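Whole structure, please, built from the sequences with the hints as guidance.
First to last, the sequence lines map onto chains G and U.
Counted the way the numbering used here counts, the first sequence spans residues 1 to 113.
Counted the way the numbering used here counts, the second sequence spans residues 1 to 113.
It should be emphasised that the hints constitute simulated quantities derived from the structure, not laboratory data.
All figures in this text were calculated on a predicted structure; none of them were measured in a lab.
Think of the CB as a built atom: it goes at the ideal place given N, C-alpha and C, for glycine as much as any other residue.
Errors might be hidden in some of the hints.
Once the Cα atoms are required to be at most 25 Å apart in a straight line, the calculated BS3-like pairs of lysine-lysine come out as [stated by the list, open to error]:
#1 G:K108 to G:K68
#2 G:K112 to U:K13
#3 G:K49 to U:K26
#4 G:K42 to U:K13
#5 G:K108 to G:K49
Non-contacting residues of chain U with respect to chain G, defined by C-beta distances greater than 12 Å in every case (computed) [to be verified]:
#6 Q6
#7 R22
#8 Q56
#9 F69
#10 N71
For reference, the chains in residue letters:
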Amino acid sequence: AQSVTQLDSHVSVSEGTPVLLRCNYSSSYSPSLFWYVQHPNKGLQLLLKYTSAATLVKGINGFEAEFKKSETSFHLTKPSAHMSDAAEYFCVVRLDSNYQLIWGAGTKLIIKP
Amino acid sequence: DAGVTQSPTHLIKTRGQQVTLRCSPKSGHDTVSWYQQALGQGPQFIFQYYEEEERQRGNFPDRFSGHQFPNYSSELNVNALLLGDSALYLCASSLRLSSYEQYFGPGTRLTVT
Numbered sequence: 001a002q003s004v005t006q007l008d009s010h011v012s013v014s015e016g017t018p019v020l021l022r023c024n025y026s027s028s029y030s031p032s033l034f035w036y037v038q039h040p041n042k043g044l045q046l047l048l049k050y051t052s053a054a055t056l057v058k059g060i061n062g063f064e065a066e067f068k069k070s071e072t073s074f075h076l077t078k079p080s081a082h083m084s085d086a087a088e089y090f091c092v093v094r095l096d097s098n099y100q101l102i103w104g105a106g107t108k109l110i111i112k113p
Numbered sequence: 001d002a003g004v005t006q007s008p009t010h011l012i013k014t015r016g017q018q019v020t021l022r023c024s025p026k027s028g029h030d031t032v033s034w035y036q037q038a039l040g041q042g043p044q045f046i047f048q049y050y051e052e053e054e055r056q057r058g059n060f061p062d063r064f065s066g067h068q069f070p071n072y073s074s075e076l077n078v079n080a081l082l083l084g085d086s087a088l089y090l091c092a093s094s095l096r097l098s099s100y101e102q103y104f105g106p107g108t109r110l111t112v113t
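What follows is the structure in structure tokens.
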């Protein structure tokens, strides 16, 4: 069965420092993977997606993620955090059999001034 | 271009009551998915509608039912409400079942007392 695990429930970084949000997946197939962001009182927004093309995926707002099959990981990074990045981030795997999305539990990103 | 809209924004119901939540998809989209997001958790897939039929269903009881109208808008109905049904209910739309990108509405916050 396909699943996704976000390794940290909370991550706290100072403004201007790098961000790393960790995600591991399990999948029988070559997975489709996504990162979504959820700001308070706003809808979920797609940050980036991996669909078996380039393993380094660039998304919006300076975020990127690298698909590493050998490590079954899809970690999200950003070189320099901004206060506006404070939000909940979800790693998601898509079931290719029926296109359902399986969501991680989320990582809350806290930005310290 | 309006994105995904949901109504109402907030709702308070009593155990045993029934509730109907509504969703209008992004213009041009024909597929609607519903998710339940409990506090502190990632969204859980409820079901998906395409061409006015339920195409996929997650692990939710029959108390959860839905409908899609010819204009692609959708309703989620929950009967015999339980305290555990308190959650944020998210609607997402996409173009076709197989689309990689889902666009989310802001959600309806349901509180069951």
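How the hints compare with the structure:
1. A C-alpha spacing of about 23 Å is found between K108 (chain G) and K68 (chain G), which places the hinted pair at or below 25 Å, so the restraint holds.
2. Of the pairs offered as hints, the one joining K112 (chain G) and K13 (chain U) is violated, with about 38 Å between alpha carbons and a cut-off of 25 Å exceeded.
3. For a cut-off of 25 Å, the pair hint linking K49 (chain G) to K26 (chain U) stands: about 20 Å separates their Cα positions.
4. About 23 Å separates the Cα atoms of K42 (chain G) and K13 (chain U), which keeps this hinted pair within 25 Å; it holds.
5. Distance check on the hinted pair: K108 (chain G) and K49 (chain G) sit about 20 Å apart at the alpha-carbon level, within 25 Å; holds.
6. Its beta-carbon lying about 9 Å from the closest one in chain G, Q6 (chain U) breaks the requirement of being farther than 12 Å from that chain.
7. Residue placement check: R22 (chain U) keeps its beta carbon more than 12 Å from all beta carbons of chain G (closest about 15 Å).
8. Against the 12 Å criterion, Q56 (chain U) falls within the reach of chain G, whose nearest CB is about 5 Å from its own CB.
9. With a least CB separation of 21 Å from chain G, F69 (chain U) remains clear of the 12 Å interface cut-off, as annotated.
10. For N71 (chain U), the condition that its CB be more than 12 Å from all CB atoms of chain G holds, with the nearest at approximately 21 Å.
Consistency note: the structure conflicts with the earlier hints numbered 2, 6, 8.
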